[in-house]
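Residues per chain, in single letters:
2 protein chains.
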Amino acid sequence: MTKASPLKIAIAGLGTVGGGTVHLLHDQAELLAARAGRPLALVAAAALVKPADLPLDGVTFFADARDMAKTCDYDVLVELIGGAKGIALDVVRTALERGKSVVTANKAMIAHNGIELARLAEAKGGNIGFEASVGGGIPIIKSLREGLAGNRVSKVMGILNGTCNYILTTMRDSGRDFADVLAEAQALGYAEADPSFDIDGTDTAHKLAILASLAFAMPLDIDSVACEGIRNISALDIRYADELGYRIKLLGVASVSDQGVETRVYPAMVPLAFPLAHVSGPFNAIVTEGDFVGRTVLEGRGAGARPTASAVVADLMDLATGRVGPTFGLPVGVLKALPAAPAGAHRSAYYIRLMVRDEPGVFADVAGVLKAHKVSMEQIIQRGRSPSEVVPVVMTVHETDEASMLGAVKSIRALASVTDLQLIRIESL
Amino acid sequence: MTKASPLKIAIAGLGTVGGGTVHLLHDQAELLAARAGRPLALVAAAALVKPADLPLDGVTFFADARDMAKTCDYDVLVELIGGAKGIALDVVRTALERGKSVVTANKAMIAHNGIELARLAEAKGGNIGFEASVGGGIPIIKSLREGLAGNRVSKVMGILNGTCNYILTTMRDSGRDFADVLAEAQALGYAEADPSFDIDGTDTAHKLAILASLAFAMPLDIDSVACEGIRNISALDIRYADELGYRIKLLGVASVSDQGVETRVYPAMVPLAFPLAHVSGPFNAIVTEGDFVGRTVLEGRGAGARPTASAVVADLMDLATGRVGPTFGLPVGVLKALPAAPAGAHRSAYYIRLMVRDEPGVFADVAGVLKAHKVSMEQIIQRGRSPSEVVPVVMTVHETDEASMLGAVKSIRALASVTDLQLIRIESL
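Listed in order, the protein sequences are those of chains Z and X. The numbers in UniProt numbering rise by one with no breaks, and the one at position 37 of the first sequence is 37. The numbers in UniProt numbering rise by one with no breaks, and the one at position 126 of the second sequence is 126.
You may find that some hints are simply not true.
To be verified - Pairs of lysine to aspartate or glutamate residues, derived as EDC-like cross-links and limited to a Cα-Cα distance of at most 16 Å, are as follows: (1) 336/Z - 30/X; (2) 371/Z - 402/Z; (3) 85/Z - 116/Z; (4) 155/Z - 291/Z; (5) 336/X - 30/Z; (6) 374/X - 401/X.
Stated by the list, open to error - Computed, partial: chain X to chain Z, Cβ under 10 Å: (7) 24; (8) 280; (9) 296; (10) 309; (11) 329.
Hint data in this document are derived by calculation from the structure and do not stem from the laboratory. Glycine included, each C-beta is placed from N, C-alpha and C at the ideal position.
In isolation and in its complexed conformation, chain Z is listed as follows (with noise of 0.2 Å):
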């Protein structure tokens, strides 16, 4: 093969990413090669109907796309399939037995078989490019493998989810409660039928899993991600959030240091000086620790068609090009695994709200809860009177150990006149 031969491409998919990356193709094919040296051609295409509106002549046509996998002659498999099992695998195993290589924007996959992948492409020659996998057309995993390849990373955090932004910011521009924006955004078609991936955090812990590989120099490790979703946030919350000068956000955040590695998702309270507080709607945006680079921030759109397909399309024109390497940026055998930080030695800043029955006394047990704990209090809310009837008492309390705030959270529930307690991360810049 030539430099200047085509690339040859095989998609298999053409559902919203695979649609798109077959438009980009097309629409973009003059540029393509010229910045490549070569031309880019996709020579086939697998799906279980084919559609009828995708520039695809002379596009060979599978309806099976294991079928596409073993016998078509292709430089590169793009998986656009998605789910971490199944199909997709056995297409992704194929191509890369086979010597091929593979581009995807599968997160669960990578998530879940990535180091397997790596493992079969380092034996048999092929490459891997999941550029498409984590936060859409923003270019990350191009940025934390070579961007900043000169750094050790401490941390990588990130709004990873582009529904779950979406539902955050439409409560706070709405003062809607979550039930109600999620229900109205699974009638728009910005969130699925089952939410549950997206709201739980799962697909957030999937691209964190994968960042977290990529900084560390570690192997996947989805397995030990904590993970929360925003659907105990409340309208009330939000509304306290703003009061504060904070942003509730789900986010993903890795860091690493002498205690181990921790890799947690969770909903915070960001501070509005912070660059993720703004980070609005449909939006990614992923910040990063370096330790000669300092922090970067990058942002982008997290999911869609065309957003993704670009992300596609680069890990093309790198295989085109010859910009390849290592999947995690190093080869497999020299990822090293490392410690897990101690369970609720997490230091970290905290939100309470509390919903009492206002009754003398009460706000004397808390605090002295608080004090058993050796937790510090920075400022509290407590509006009005209402006697005997159930009010808000919101407080922000200083950094402490997490073990500390959960051991005050248990007592603090088990108190009589307290009938719901809602704990918030604050987010420190």
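Given the coordinates of chain Z, assemble chain X onto it according to the supplied hints.
This is chain X only, laid out in the frame that chain Z set:
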């Protein structure tokens, strides 16, 4: 040269960035070798005086960088001397003539001589990396050239000069005036004794020309960059910006449309909803609009020893692993000059601050002039009355073409009661 043989590096210039780069190569040697699959070996360094505090054991020292460039055995010369011509250009030409590669942080040299150097690299087989020339540690060159390679970019704009951003941020935070904050910045070493290069926009213009060339696949054209600096921004304007919901930022803006290409540097009112409004102090940020990816924003430290060293080493890692390509993303022969957009056709909203003698009829005169030039007023701020004294009157006007606005400004300046006029563009989203 096998892949596992070291990449031999010679550094010309051991100032701030040179020192940072030496430290990075020394401190992270093991990490870099693992990631590149081969050692990055600093074999030679040149400076007028050998700094005592750098880890240069085993590194051949040259007091004459030209001598090093000519005689030393290296794979890549890292030019960190600075200046568009002189020694910097000499050593880079020498290295490229010898078929070696070059990595540089020198935006002035790239902006003025990038095409000549890219041609030389193409002819002799070397490569040129200049990630460090724009945006410090932000991987913006790599993102534009590779990460967004599937896109036609219509706009690239950013906060590209940390000194100006520091001055404008400090003016806002402290309420102090430009000259005062500049003097302090000079005393603190954040601004040069001769600050013109930064505050008059020259540095931003160099960086913008580089970004525009990459974004629009056109040859560098530094001479076409229209350039206004921040000397005329007063504390009063900063205060009004705040009141109107803007931040004043020095922007470099390059855009391309059917009308042609525009590259401009100017201070602008940036709406708070726009990510650039929140980029403060020494940070830089670059916004890119691509036809598939949509808007992306990259933010990070725009200068300094360590962030810039991070970018220099990213280029070295690309060279070490063979991730190379044409300097400006396309061979020089394929870059195509674009027509300049017609003067005066640029459309923008504007902020206008008049200093007027508080006399009857002044406002009617101003309104009449705007009407005559078909400029439509959006809002006006005039506080209290101070008969026959000079008072500020602030207006914003709806989007209009620049020719109309400048025509109106000329007529307003000619009014007897107007003693001063400040005109600042309002950046649209």
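Outcome of the hint check:
no.	hint	verdict
1	336/Z - 30/X	14 Å, holds
2	371/Z - 402/Z	15 Å, holds
3	85/Z - 116/Z	12 Å, holds
4	155/Z - 291/Z	10 Å, holds
5	336/X - 30/Z	14 Å, holds
6	374/X - 401/X	10 Å, holds
7	24	6 Å, holds
8	280	9 Å, holds
9	296	4 Å, holds
10	309	6 Å, holds
11	329	6 Å, holds
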